[in-house]
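All chains should be built: construct the whole structure from the sequences, respecting the hints.
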Amino acid sequence: MDRLLHRSAKLWRGLFTVSAVLLCLYALNVIAGKVAGKLGVALPFRLNDVGEFLVVLACMVCFVTGMLVREMLEAQGK
Numbered sequence: 001m002d003r004l005l006h007r008s009a010k011l012w013r014g015l016f017t018v019s020a021v022l023l024c025l026y027a028l029n030v031i032a033g034k035v036a037g038k039l040g041v042a043l044p045f046r047l048n049d050v051g052e053f054l055v056v057l058a059c060m061v062c063f064v065t066g067m068l069v070r071e072m073l074e075a076q077g078k
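Numbering (my numbering), first residue to last: 1 to 78.
Any given hint could be a false lead.
[Said to hold, decoys possible] Okay, derived cross-link-like pairs now, EDC-like style, lysine to aspartate or glutamate, Cα gap no bigger than 20 angstroms in a straight line:
(1) K10 / E71
(2) K34 / D49
(3) K34 / E52
(4) K10 / E74
The set of hints was computed from the structure by calculation and includes no laboratory data.
Laid out in structure tokens, this is it:
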């Protein structure tokens, strides 16, 4: 049982980390697009609208899944 709880704790931390990384990726993409637009420079790689949507969706899925796993752990611990 302790191993399962330890793995679940690693799981929700990992999901939160992936969520934070994806959110930073989205933010960097938006900021880079704004700066490139102001300077009139073309970026070699930029996510389009669908790409941005998929990054934000994956971020939300990881965050919500991490919250549900953490809530499950807290409920088992009480």
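Against the structure, the hints:
1. K10 / E71: OK: K10 and E71 at ~14 angstroms, within 20 angstroms.
2. K34 / D49: Satisfied, since the Cα-Cα distance of roughly 14 angstroms is no more than 20 angstroms.
3. K34 / E52: holds (14 angstroms)
4. K10 / E74: Distance ~14 angstroms between K10 and E74 Cα, so the pair holds.
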